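Engineer: Given chain A's structure and the hints, the job is docking chain B onto it.
2 protein chains.
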Amino acid sequence: MSQEPPHYRVSRIAKELEASGRDVIHMEIGDPELDTDPRIVDAMCRAAREGHTHYAPTRGVKPLLERLVGYMERFIKPGFDLSIDNIVVTPGSKVAIYTALRLLRPRKIFVVEPMWGLYHSFASEMGIEIVHIPTRMEDGWELRTEINGVEKGDVIAVVNPNNPTGTILSRESISNILETAREADAYILADEVYFDLIYRGSMTSFLSMDYDRVLAFYTFSKNFVMSGFRVGWVVSPSKDLANNFLNRLRLIVGGPPPFSQYGAAEALTLMDVLEKNRRFYMETLQYSVERLREMGFRFVEPSAGMYIFAEPPVEEMNGVEFTYRLLEEEAVAVAPGTGFGDYPGYVRFTTSLRMERLEEAFNRIERFLERR
Amino acid sequence: MSQEPPHYRVSRIAKELEASGRDVIHMEIGDPELDTDPRIVDAMCRAAREGHTHYAPTRGVKPLLERLVGYMERFIKPGFDLSIDNIVVTPGSKVAIYTALRLLRPRKIFVVEPMWGLYHSFASEMGIEIVHIPTRMEDGWELRTEINGVEKGDVIAVVNPNNPTGTILSRESISNILETAREADAYILADEVYFDLIYRGSMTSFLSMDYDRVLAFYTFSKNFVMSGFRVGWVVSPSKDLANNFLNRLRLIVGGPPPFSQYGAAEALTLMDVLEKNRRFYMETLQYSVERLREMGFRFVEPSAGMYIFAEPPVEEMNGVEFTYRLLEEEAVAVAPGTGFGDYPGYVRFTTSLRMERLEEAFNRIERFLERR
Numbered sequence: 001m002s003q004e005p006p007h008y009r010v011s012r013i014a015k016e017l018e019a020s021g022r023d024v025i026h027m028e029i030g031d032p033e034l035d036t037d038p039r040i041v042d043a044m045c046r047a048a049r050e051g052h053t054h055y056a057p058t059r060g061v062k063p064l065l066e067r068l069v070g071y072m073e074r075f076i077k078p079g080f081d082l083s084i085d086n087i088v089v090t091p092g093s094k095v096a097i098y099t100a101l102r103l104l105r106p107r108k109i110f111v112v113e114p115m116w117g118l119y120h121s122f123a124s125e126m127g128i129e130i131v132h133i134p135t136r137m138e139d140g141w142e143l144r145t146e147i148n149g150v151e152k153g154d155v156i157a158v159v160n161p162n163n164p165t166g167t168i169l170s171r172e173s174i175s176n177i178l179e180t181a182r183e184a185d186a187y188i189l190a191d192e193v194y195f196d197l198i199y200r201g202s203m204t205s206f207l208s209m210d211y212d213r214v215l216a217f218y219t220f221s222k223n224f225v226m227s228g229f230r231v232g233w234v235v236s237p238s239k240d241l242a243n244n245f246l247n248r249l250r251l252i253v254g255g256p257p258p259f260s261q262y263g264a265a266e267a268l269t270l271m272d273v274l275e276k277n278r279r280f281y282m283e284t285l286q287y288s289v290e291r292l293r294e295m296g297f298r299f300v301e302p303s304a305g306m307y308i309f310a311e312p313p314v315e316e317m318n319g320v321e322f323t324y325r326l327l328e329e330e331a332v333a334v335a336p337g338t339g340f341g342d343y344p345g346y347v348r349f350t351t352s353l354r355m356e357r358l359e360e361a362f363n364r365i366e367r368f369l370e371r372r
Numbered sequence: 001m002s003q004e005p006p007h008y009r010v011s012r013i014a015k016e017l018e019a020s021g022r023d024v025i026h027m028e029i030g031d032p033e034l035d036t037d038p039r040i041v042d043a044m045c046r047a048a049r050e051g052h053t054h055y056a057p058t059r060g061v062k063p064l065l066e067r068l069v070g071y072m073e074r075f076i077k078p079g080f081d082l083s084i085d086n087i088v089v090t091p092g093s094k095v096a097i098y099t100a101l102r103l104l105r106p107r108k109i110f111v112v113e114p115m116w117g118l119y120h121s122f123a124s125e126m127g128i129e130i131v132h133i134p135t136r137m138e139d140g141w142e143l144r145t146e147i148n149g150v151e152k153g154d155v156i157a158v159v160n161p162n163n164p165t166g167t168i169l170s171r172e173s174i175s176n177i178l179e180t181a182r183e184a185d186a187y188i189l190a191d192e193v194y195f196d197l198i199y200r201g202s203m204t205s206f207l208s209m210d211y212d213r214v215l216a217f218y219t220f221s222k223n224f225v226m227s228g229f230r231v232g233w234v235v236s237p238s239k240d241l242a243n244n245f246l247n248r249l250r251l252i253v254g255g256p257p258p259f260s261q262y263g264a265a266e267a268l269t270l271m272d273v274l275e276k277n278r279r280f281y282m283e284t285l286q287y288s289v290e291r292l293r294e295m296g297f298r299f300v301e302p303s304a305g306m307y308i309f310a311e312p313p314v315e316e317m318n319g320v321e322f323t324y325r326l327l328e329e330e331a332v333a334v335a336p337g338t339g340f341g342d343y344p345g346y347v348r349f350t351t352s353l354r355m356e357r358l359e360e361a362f363n364r365i366e367r368f369l370e371r372r
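Chains as they are written, first to last, in our numbering: chain A, 1 to 372; chain B, 1 to 372.
In isolation and in its complexed conformation, chain A is listed as follows (with noise of 0.2 Å):
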């Protein structure tokens, strides 16, 4: 049975903490403290009150596999004709991405780190080897390193925007990645969840570049607020691919209720939630980047996404001591680096907490940095 990832950990201290009467704040979640538009609520109700309450096709509801062919051209290589027969929809990223990983079974995964830890268990339950690929802080969080080893038939893995960086990859290191799985023709799995936060600069996404083994993940969780809907969605360049994922996924979960694709389908309508989300994002990101430097904490600033990850300034403890001594000390709950690679230095604070509830985490964090 898998061992319990420090993610988890925090979490399940938390709550004990909680139930012992504690208020922890929650910086280690990528949960917004923003509500759903009742827009969205409302479309959702009506599909279900219309009857969308039977199975639905896997691929998903046509009104939801249109809008995204439209919602992702934006993305798509120029001339390339996108389809509903390149999208699945899915109950979220993260079966997502394991329904992949069993259809494809690598021989190895090539991980470009830090990367949420979820590959790091995925591989362990399957018994696939991970090929750790770091990136370094003094490095901006780019690519430098070369990925050697990959053979026919592996996988790539990176997020980007970075979890839990915030950094945009370089359209050169895109292409490089690209260049590497072409020569070895092996897969790509690009987790592009945070494609719609991006605060400065702009992201190539790999669906932009000119090779079919891509698979990448999208979800309505983060720009919509709409975690417990359970709706993502995958696009590959590749039919047959996108095809053979459908089949995998019928076979293993099948897809979201009828009726949060219907609510999905509505927010592709809205673009001022998407922009309302957007600004609350970026203002708690904002002011969070500017508190934790004033305390110290090293790090670089993010261009996208609701994550910092940084360096505390405390010479005498690590960041899973950190971690684990702020929660009990202070009842703020963060999550350690080495859950996202071997970053045991390093701490990832999810910003996106209501202002006020910010700004007391991180009065907390400073009385517990000046009793060192």
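Keep in mind that the hints were calculated from the coordinates and are not lab data. Predicted, not measured: the structure shown is a model, and the values here were computed from it. Incorrect hints may have been included.
Stated by the list, open to error - Here are the simulated BS3-like pairs of lysine-lysine, each with C-alpha atoms no more than 27 Å apart in a straight line:
id, chain 1, residue 1, chain 2, residue 2
1, A, Lys-77, A, Lys-152
2, B, Lys-15, A, Lys-62
3, A, Lys-239, A, Lys-108
4, A, Lys-77, A, Lys-62
5, B, Lys-77, B, Lys-239
6, A, Lys-239, A, Lys-15
7, A, Lys-15, B, Lys-239
8, A, Lys-15, A, Lys-152
9, B, Lys-108, B, Lys-152
10, A, Lys-239, B, Lys-15
11, B, Lys-77, B, Lys-152
12, B, Lys-62, A, Lys-15
Unchecked claim - Pairwise CB distance ranges (calculated):
id, chain 1, residue 1, chain 2, residue 2, range
13, B, Glu-66, A, Glu-290, 41 to 49 Å
14, B, Gly-79, A, Glu-356, 46 to 54 Å
15, B, Met-271, A, Glu-50, 23 to 31 Å
16, A, Glu-183, B, Arg-67, 50 to 58 Å
17, B, Phe-80, A, Asp-81, 53 to 61 Å
18, B, Pro-134, A, Asn-148, 38 to 46 Å
19, B, Met-271, A, Asp-272, 40 to 48 Å
20, B, Met-126, A, Val-131, 42 to 50 Å
21, B, Gly-140, A, Leu-17, 55 to 63 Å
22, B, Met-126, A, Pro-78, 35 to 43 Å
23, B, Ile-84, A, Ser-208, 41 to 49 Å
In this text, a Cβ means the ideal position worked out from N, Cα and C, and glycines have one as well.
Structural biologist: Chain B alone, transformed into the frame defined by chain A:
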């Protein structure tokens, strides 16, 4: 890549016929032609409006878990202290069974057949050996053979009440299976999804026996007509086994949407809905029994569920040929017996169609047979 199961193949051909304008009657899928009760939909919408649109605890939301404890108490062996810790809410039974197999990693799965094709597909996906334990119509689908060769950690898979036959295993058969498992220290995966749809006699749940290594699977899909909600649940007499299952489920997929779960919690308070649905299932099944009997189909009259597993009264073709010719000539889709084990002579009829459609379906089948 896995082979297309016969079940999916029929659905695909049926869809192609529909695309060409044919009016296909679907007797191959397990989804009733009933509406979800509006009070269930309302409860779901209320929960979503109240903010239950974020991540929920993977085990399930509290009100649902608490009501499930009460709902399942009738099944649990006398004196056993059933609690929330014995239960895990799942996003459907399919992924729940998949997750159980990933957790247990048996050397062999002993499948009491006929059995819907899921275990066969999963075993092939995971490279696990299947041992077929056939039962025969002549024995009333009762288990007459011994299950030999079971070793520690293996899985015995049983669906009771049975899909596809609608028969219920005797208490003696359940005891025998359980003793075989106990002697070998093996696991029992008990699909008891049709527990709420029994019309004659009663069933013995594996939860009512004195054995810990049991995972029993249930869902709201059929009894409460909520297949699109994607809510099921697992019960184990062992809190440890339930907990290991929970951790594996969290790793692979997580739980269903929280608002779906609130809908399910409401359903458990609506026994009039269950009664109404049961009556529908029973009446459509009864009507189907009469029609199929008149035409000379051979089968054991079901005591539960929504299916009839029958031998067509035709000499010149087996169940598979019958399936595809009936689909082509009369646009009635059924499931060939080969999807449930080595039963080439049989087909499965789903009988939970609206009465007019059911009548039309059997008229078409009559016409089909008259042409032979």
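Engineer: Hint by hint, say whether it matches the structure.
Structural biologist: Structure-based check of all given hints:
1. A/Lys-77 <-> A/Lys-152: Roughly 24 Å separates the two Cα atoms, so the pair holds.
2. B/Lys-15 <-> A/Lys-62: Answer holds: B/Lys-15 to A/Lys-62 is near 15 Å, not above 27 Å.
3. A/Lys-239 <-> A/Lys-108: holds (24 Å)
4. A/Lys-77 <-> A/Lys-62: With a Cα-Cα distance of about 23 Å, the restraint between A/Lys-77 and A/Lys-62 holds, given a limit of 27 Å.
5. B/Lys-77 <-> B/Lys-239: holds (15 Å)
6. A/Lys-239 <-> A/Lys-15: violated (44 Å)
7. A/Lys-15 <-> B/Lys-239: The hint holds at about 19 Å.
8. A/Lys-15 <-> A/Lys-152: violated (44 Å)
9. B/Lys-108 <-> B/Lys-152: Satisfied, since the Cα-Cα distance of roughly 10 Å is no more than 27 Å.
10. A/Lys-239 <-> B/Lys-15: Holds, at roughly 19 Å.
11. B/Lys-77 <-> B/Lys-152: holds (24 Å)
12. B/Lys-62 <-> A/Lys-15: Holds, at roughly 15 Å.
13. B/Glu-66 <-> A/Glu-290: 41 to 49 Å: Once the Cβ atoms are compared, 45 Å apart, the range 41 to 49 Å for A/Glu-290 and B/Glu-66 holds.
14. B/Gly-79 <-> A/Glu-356: 46 to 54 Å: holds (51 Å)
15. B/Met-271 <-> A/Glu-50: 23 to 31 Å: The hint (23 to 31 Å, Cβ to Cβ) holds, given that B/Met-271 and A/Glu-50 are roughly 26 Å apart.
16. A/Glu-183 <-> B/Arg-67: 50 to 58 Å: The hint (50 to 58 Å, Cβ to Cβ) holds, given that A/Glu-183 and B/Arg-67 are roughly 57 Å apart.
17. B/Phe-80 <-> A/Asp-81: 53 to 61 Å: Hint holds: Cβ distance 60 Å, inside 53 to 61 Å.
18. B/Pro-134 <-> A/Asn-148: 38 to 46 Å: Once the Cβ atoms are compared, 53 Å apart, the range 38 to 46 Å for A/Asn-148 and B/Pro-134 is violated.
19. B/Met-271 <-> A/Asp-272: 40 to 48 Å: Once the Cβ atoms are compared, 44 Å apart, the range 40 to 48 Å for A/Asp-272 and B/Met-271 holds.
20. B/Met-126 <-> A/Val-131: 42 to 50 Å: violated (24 Å)
21. B/Gly-140 <-> A/Leu-17: 55 to 63 Å: Check passed, 57 Å falls within 55 to 63 Å.
22. B/Met-126 <-> A/Pro-78: 35 to 43 Å: holds (41 Å)
23. B/Ile-84 <-> A/Ser-208: 41 to 49 Å: holds (48 Å)
Against the hints set out earlier in the document, violations occur for numbers 6, 8, 18 and 20.
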